[in-house]
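**Q** Take a look at the letters that make up each chain.
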Amino acid sequence: MAAGAAALAVAVAGCGTSSSGSDSGSGDGKTLTVWLMDGSAPAALTDALHKEFQDAHPGVTVKYEVQKWGGIQEKLTTALTSNTPPDVIELGNTQTAKFAAEETLEDLSGDVSALGGDQWLAGLKDSLTWDGKSYGMPFYASNRTVIYRTDLFEAAGITAAPTTRDEWVAAIEKLKAANAADPDFQALYLPGQSWYALLSFIWDEGGDVAKQDGSAWTGALDTPQAKAGLDFYKKLVDVSGTKAPKDTDEATPQQMEVFGTGKVGMMIGLPWELAGAVKANPDLASKTAAFPIPSKTAGKTAPVFLGGSNLAIPAGSQNTDLAKDYLKLLSSKKYQDMLAEGGSVPGTSTDTAKLATNPVGKALAESAPNGKVTPTTPTWAAVEAGQNPLKDMLTAYLTGAKSLDQATGDANAALTKTLAG
Amino acid sequence: MTAVDTTDAAVPTRGSSQAPRRAAPGGARRRRGSALDRALPYLLLAPAVIAILWMIGFPVLSVLATSFRKLNLRELTRGQVVWTGLDNYTQVLSDPEFWAISARTVVFTVLVVGSSVLAGLLLALLMRQISPVVRIVLQVSMLLAWAMPLLAATTVYQWIFDQQYGILNKTLVRLGFDGFAGFSWFSTGASTLAVIGLLIVWQAVPFLAFSLYAGAIGIPRDQYEAAGMDGASPWQTFRAVTWPELRPLLMMVTFLSLLWDFKVFAQIWAIRKGGPDGGSTTLAVYQYLEGISQSHFGVAAAVSVLMVLLLALLTFQYLRRLVRSQEGAL
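Chains as they are written, first to last, in numbering that gives the first Met the number 0: chain A, 0 to 420; chain B, 0 to 329.
Okay, chain A solo, but in the shape it has when bound:
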């Protein structure tokens, strides 16, 4: 019976309604639970931030927990359902709309100016706005750049980093010719399902993955622009002769590990991926730099997918005011500069001077203002957490299993269906 009673208690607790707490800022023995993601904030930042916060709020303890990205959506769903959810959570920018639309997050519209709203990074601001209300605060962003080997570029006689698509393709061909003796060499490592890179090419053509009509979203992958973007992806794969698998993304195998072998001229990657490659092969540190993904139009850079995070307060938080104070402190310039120093584009400060001090950060800062996000709709999260039609489309077209029209048509139908919920 005891077991049954315990099960009942758990079941009842699980179904309990969440009451929105509104305790005042001062409180003895209060605990502010903060969930940040693995690799988000440098330890130096969180240490300083929590010390300052606890000094300003005597009696309050910050319980800081680092979460892993894998399976976070399920974990957040469970946590937000409980009576005592965490007080501050970090949400991937593509997931935010799902949680905002279901009203599981605190509406922060009234606090936007206090949180440095006039300097919010546009791409992230879009991702946390739902129905005209702000459900979070931008945290940081990062985007893909073309990471390349300066020594190999020099040896191949490429004097300047490419700034247009044509120059990029020419650089790939030169690198390939200069290293033709090495059968393992790849001028560009590009796996078949690197769909964030594909987004750049589609946006650069003036297209998009989906279009909004009222509150409904439909796929736009069958437009001429999207097809042209996909075609350019194929061109890169064909010209570079990359040996990367056509049916996996950049995480299988980790492209930074492949780059770390030293047999790769370029990869489209994130700063942390270069850091991982350098860790595996320290020689690369002085031989690498980055340039923004080139556009087909001279004098511009291609729009990039702005990957990043927002910070939000769960609607069921018992310490809403404390959590707001915490966000306010984090949005101050001191901590935003520390984020930039750590290699990310800060979410609530337009000052990226600290970021531009290294070559990769410079490319990052150059392309970030041109950053875009995936459709801001609650159903987008299911596209990434389930079977991603963009990945299937890439593999089908690159392997020749489907024609361009068929691949884009099928993927568009699947995407529209998922976006409809």
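Please note that a few of the clues may not be correct.
[Unchecked claim] The calculated lysine to aspartate or glutamate pairs, modelled on EDC-like cross-linking and capped at a C-alpha distance of 16 Å, are:
#: 1; chain 1: B; residue 1: K272; chain 2: A; residue 2: D248
#: 2; chain 1: A; residue 1: K295; chain 2: A; residue 2: E166
#: 3; chain 1: A; residue 1: K416; chain 2: A; residue 2: D248
#: 4; chain 1: B; residue 1: K272; chain 2: A; residue 2: D106
#: 5; chain 1: B; residue 1: K69; chain 2: B; residue 2: D86
#: 6; chain 1: A; residue 1: K332; chain 2: A; residue 2: D106
#: 7; chain 1: A; residue 1: K353; chain 2: A; residue 2: D336
#: 8; chain 1: A; residue 1: K416; chain 2: B; residue 2: E96
#: 9; chain 1: A; residue 1: K132; chain 2: A; residue 2: D106
#: 10; chain 1: A; residue 1: K416; chain 2: B; residue 2: D94
#: 11; chain 1: A; residue 1: K416; chain 2: A; residue 2: E383
#: 12; chain 1: A; residue 1: K29; chain 2: A; residue 2: D324
[To be verified] A few chain B positions that, by computed beta-carbon distances, are all more than 12 Å from chain A:
#: 13; residue: R37
#: 14; residue: Y41
#: 15; residue: T89
#: 16; residue: V105
#: 17; residue: A118
#: 18; residue: I166
#: 19; residue: G181
#: 20; residue: Y223
#: 21; residue: V240
#: 22; residue: M250
#: 23; residue: F296
#: 24; residue: V307
#: 25; residue: Y317
Because the hints were derived from the structure by calculation, they are not lab data. Here a beta-carbon is modelled for each residue, glycine too, at the ideal position from N, C-alpha and C.
Based on the hints, put chain B in the right spot on chain A.
**A** The following block gives chain B in isolation, referenced to the frame of chain A:
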């Protein structure tokens, strides 16, 4: 079930000793005592029975109830209860994809169960014939395969079948089949499911072989001697002696395999998430996509209920025999 059976059986054996008590006239106290006596076993069992029913029955009822509710992230976090009647079922049953996935799941399950039971049976019969040393080597390797964690085995299979670096493609090219250089085993749903099916058979065979071997060594030797004296061929011996003896056991392991293979999820998800293009999506994956990816928990519950019904339909013959044989035994 077992608990109730035991009490039923206990009543008749006590009947004789109770008879004189019942005959005793007018003993009000005694009669109450006997009523208590009769109720006592049930009362003693009650806590355990209620606890078991609660722990097993509650999740079942909860799934059933959820399948009639609209339960998305919003309702879940706010604790709202929204009854929608049969809406979830209408939505699932009117989705042509559901029927395609159901058909695929049934075909996949039947093929995987058929091949694994057949392979298990052949290995079990082989084990009876070979020398003890070879048998022990075989048994140890099967035990190791069986003990291998699910996802570790899945990862190994992914490496074997990898397009660029897989040992299988390399071996095939060495053997002269040049067409397999860079061949993608995961380019269509059917070939992806074939690889997954092979993995599941590989994982299932040890249990089946051991169970059937245990049954096979239980068949009396003299029956084989008698068959040999009558001049039966090996096939006739199998038909006349081994098959009838092993049949009940085969039925049971087939039934168990059906249950396991019908709802297999981890291997399919780990290999290609039910892709490409949803081509290796089975009902278990469909349920995950609805429930966990899209947070439509009510719809996912409806899919589970439909899965149970479909499974009951698949195993109908066996369930019928099971019920009938128990009636016979009582």
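**Q** Hints broken by the structure, by number, lowest first?
**A** 3, 4, 6, 19, 23
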